[in-house]
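Protein chains in written order, with the working numbering: chain A, 5 to 167; chain B, 891 to 1177; chain C, 507 to 1297.
FYI, nobody ran anything at the bench for these hints, they're computed from the structure. Where hints are given, some of them may not hold.
Chain B is nowhere near these chain C residues, computed Cβ spacing over 12 Å in every case [as the list claims (entries may be wrong)]: (1) I634; (2) D656; (3) F689; (4) P860; (5) R1138; (6) E1163; (7) T1164; (8) I1166; (9) R1289.
Not everything, but these chain A residues come out facing chain C in the computed CB check (under 10 Å) [claimed, not checked]: (10) A42; (11) E78; (12) S82; (13) L94; (14) F98; (15) A103; (16) T124; (17) N128; (18) I132; (19) N139; (20) I149.
For glycine and all other residues, C-beta sits at the position ideal for the given N, C-alpha and C.
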Amino acid sequence: MDPSYALSFKLNGRQVKQEVSPRTSLADMLRNQMGLTATHIGCEQGACGACNVVVDGKTVRSCLIFAIQMEGAEIETSQGFEGDPLMATLRENFANRNALQCGFCTGGMLLAARDLIKTTPKPNREEIREHISGNFCRCTGYEAIVDAIWKTAHEALDLEGEK
Amino acid sequence: MKPHLFQYIRAESTQAAIALLEEFGEDAQILAGGQSLVPTMALRMANPETLIDISAIAELQTIELSDGVLTIGAGCRYVDVLNSDLVAKSAPLLCQAIPYIAHDAIRNRGTIGGSLALADPASELPACMLALDAVIIVESKDGQRKIPAGDFFQGTYFTDLAENELLVAIEMPEIASNQIHKFYEISRRSGDYAISGGAFVLTHEDGCIADARLAYFAVSDCAVLATKAGEALVGNSLSSEIIETVSDIAAGEIEFFADLYNGEAMKKQLTKVLTRRMLTKIHDGMN
Amino acid sequence: MSGPYENTERHTQFVGQDKPRRNAVRHAHGRGKFVDDIVLANMAHIAFFRSPYAHAEIISIDVEEARNLLGVVDVFTAADITDICTPWVGKLDHFPGLRSPEQLPLANGRARWNGEPVVAVVAETRAIAEDALELIDVEWQELPAIVGIDNSRSADGPLVHPEYDSNVAFVMELTAGDSKDAFANADVIVEDTLELGRQTGLTLEPRSIIADFDPSLRKLTAYHSTQTPYQMQDIFTRHFNLSEENVRVISPDVGGSFGMKLHVYGEEMAAVAASIRIGRPVKFIADRMESFLSDIHLREHKVHARMALTKDGDILAMQVDDATGIGPFSVYPRTSAMEGNQALRLMGAPYKMPHYDGKLTVLFQNKAPTCQYRAVGHPIGVTTTEHLVDLAAKKLNMDPFEIRRRNVTTQDMYPLKTAGGYILERLSHEECLDKLEKLMDYQALRAEQAELRERGIYRGIGIGAFIEITNPGPAFYGVGGARISSQDGCFMKLEPSGKIRIAVSVTEQGQGTETVMAQVAATYLGVDIDHVDVITGDTERTPYGGATWASRGAGIGGSTVMIAALALKENLLEIAAVILQGDASKFDIVDGEIIDIATKRSVISLSELGRIAYFRPDTLPADYHPQLSVTRHYVPQGTPFDFTNGVQASYLEVDVETGIVKLLDHWVVEDCGIILNRQLVDEQIRGGVVHGLGGILFEECLYSPEGQLMSATMADYLAPLANEMPDIHIAHCETPTNMTPLGAKGVGEAGTAAAGAVVLNAVNDALHPLDATLRTTPLTPERILTALGKI
């Protein structure tokens, strides 16, 4: 059986401890040990984006990082962002625009969208399409996702406190 | 798709990492950004017994310019290089190239050193190193070796890096005022491996090309410099005739390797088109 | 349609309301629950040793070392579970002559495709199970692999199944009129051979199951990412010798399915066998490589087709010879003959084509099995037909719109039977073509195309008409002998608070099934849609039915909910009449209130009615028993299917030096009858279009000549990403069907049906001045440059 090692890090704003096997990916730890199941595993190869999480302020693939590397890190998952108005608006617009069907890509897609609006506050459709091209969606054909992100970025959202 | 069990060691310094490499020898592998290694381990195609994690070593993550030489630590992530004003000013080729590497989330984690040490023939950075005439700095308990990029990349996933050596930095000359950096690749989807890609560094004097380093990737067994094509440019201005000739020479001198979707003829055709388009863009930019 | 609902007024009260799907809100907040999110106590994990060869005899299997690894719970081969699981065969009676050998969950004696599961390992973790796989030693005798279609068809080549005399699984021939005579007298004949590449489903959530067998009661609970829990309940019951009431299949959130999650797979059956063997829950989550290797593939066809026309451009006849490679087995229980069957029947289907000869040959190969997937057969039929129509238009120097207008079936012809044998109730081809021409501003695009061509820019416009098979009735699987229900059921109750809860047998995989069912219930009951809760995907909590596939959810499921709502409404009005000592026929329900029709005033709210009926029935007359819930079942009537129709167009640019295609625009005009929810319909179409675009430009399961799958990661199998996809413009016509009380048809296949065809036509239109024609898909840059003679 696998050995396990103690680990301490910040997760969605709270300091936590975990014991992990060296071979456990960050995605597997979040899902299987911490119940954060909105971080989905679609390929374990870094290709699909469903497992995106934010580590130390940067969006990364949690399937391509070993959990044991996370000592001292700050991790946010798509289930975090409590009180984040941008994430709240994205969620609302994704649901209203039907920018998700099965919902499996959604957590990763929301993080990609949030990243884009943080760095490019008023992206055009091409920039949105380019930016979310690291996230695979099999259901929507992407247009509704582009619409929802565009609307979030361009319409009546006061993000000044956010920036 | 779960990797073998391995021993994980986080190295706190370059010296510690080198000592660990010495201690564990061929059973150990360096974990930098992990964006290629981790999926390969998940497929159990790479099965190191020990992983030496160098991602926390701050001294490998510096970017410095001194005496006209830009030094980038091997542990710098793509995103750090992309966002570095110093790199933008002194080696714009890299800032042109990095947006083509996979996608955002990968660029936020993958490292320069990791890409170079892996030497994937489809990877953008080895070609940039060739074009920039960069030097790869590797270190072992016996000290540092400085290896010209042209000698470092030796084949598919094959470099001059010895088992006990750590890739620590790359050095490249700062761009001169009469130099042009140009990067471009043709791929089917954004972020995909290219069908053909080019990294060019051109030096011009009095409207003529004085030196041309035309490097290509995703076309052969490793990144390759089209030296004959480069020589053919020297002494010429970028007329459409010379561009056509040079494109033909480049397509003629490279030994093309097929990939899953594109045969050698395809690689050759696209290399020719790519060369022409890049040189034309450079010409348009000069005027 | 005849029957009790003939005169029911069609309401679309909640159509167009911009209310988000409740499950979309849930997913956006990370509150989805997929099979892999479920953890059961004492759960073990299963992994599979797979055949490294496309075709090989298993000489021996040594699992001792694997069995002894710490953390391994069980290791078994096919031979170890023959007493637990009975074999299956993918045959149906309405495909006479279809043959396929018996299958077990694991390869038995011989492996027939690269990736076929051979040995199962159950362990405490998936990682340990994978460790154990490396300790398994199988001795193989490699056999020649049958890979290509021609390879399989060759008369003296090696056989996939030595017990058969050839690699032919099934042959079907269709004839209408006299095509020989039509070709003999035709002014113009066009013909070509198309080779369509094999694709795979690539749902983002992979195939998943937790099989939880309780040996004390011999009760199986399966948490299963399937579209069709009732079918799986039946299959688990029969093949594991269980009692049907002891088998419960729960489909929680399903992360995409598209037909891929309809079929019986060895791995899921092995997981059930494992749970029965060890008496613990066993989880199988396919990893991405396993998905590529063992999910069903689709649409590998080689079609030789000819079309005969008059000099005026009237289509007289088609002759089609379609060969398709299905891998080593016809997939259970729906068979792998269905795709070819539908492809063959859809040839020429939008057009007045009196004469037709079609032949289908279904071939065994040593590749992953193929089976039904979104728009089953449509892309093959539509691509072939529309390619020939465009070839004919070019030859006749006719505009693509003109030739199609001339040939589409018209309003005066319905109902009609197509050359392929389908009965069409009423379609709207002419209206769709007119709408499309305006929507895309066709003439302006042609002008732009011509102008750019002068400057060496090659843009193309492609158009294609289609019909779409939806709402399959009992004549589909029932007559073939499959235990796949064509009826659906709905249970509906009034909660004491006046809210409505319904449980329905159609299922949700992201299409919006639950929302549409709530809309229908709300509309026909007269309550707010927010006051309707919908339960799906649990054989223990919902009536038995067919579930969701083949675009049957809205049309058939919706009709089921509609009649249940009408029945419950009748009951509620009667209860109100009893309470108020009034006349039920004078009452109606509006916004959750019983109103007096004459005064339009509320006489009692549903919440008050609920309070009295549930908690104070003592205030009601003696021996009065209010019926506060109903169950209704609905059987589709009339023709075997309800057909929809539509037309699509693509505008694109081909880089003739690199072979890269840039999609600029895409249009769809389609007619799915009554539209229940415009946004959901449009997004079904868009998603479907992108499946088609993926298939025509990117997606291909590449096998080596030895039968090794080479595109088995998401880096190597190219699927559509956002950057390469265009915005998709959609318009509708609405021709209701009279086959269902609701008037709605399906829409899930429409986008996929013709998207590839119009891109092929657009690429060939772009390259026409260069005298190049593409006929092999996907349209890779290499294939385009080869056609252009550049490489």
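A quick look at each hint next to the structure:
no., hint, in the structure
1, I634, "violated (9 Å)"
2, D656, "holds (21 Å)"
3, F689, "holds (38 Å)"
4, P860, "holds (43 Å)"
5, R1138, "holds (46 Å)"
6, E1163, "violated (5 Å)"
7, T1164, "violated (5 Å)"
8, I1166, "violated (7 Å)"
9, R1289, "violated (10 Å)"
10, A42, "holds (3 Å)"
11, E78, "violated (19 Å)"
12, S82, "holds (5 Å)"
13, L94, "holds (8 Å)"
14, F98, "holds (5 Å)"
15, A103, "holds (8 Å)"
16, T124, "violated (15 Å)"
17, N128, "violated (12 Å)"
18, I132, "holds (8 Å)"
19, N139, "holds (8 Å)"
20, I149, "holds (7 Å)"
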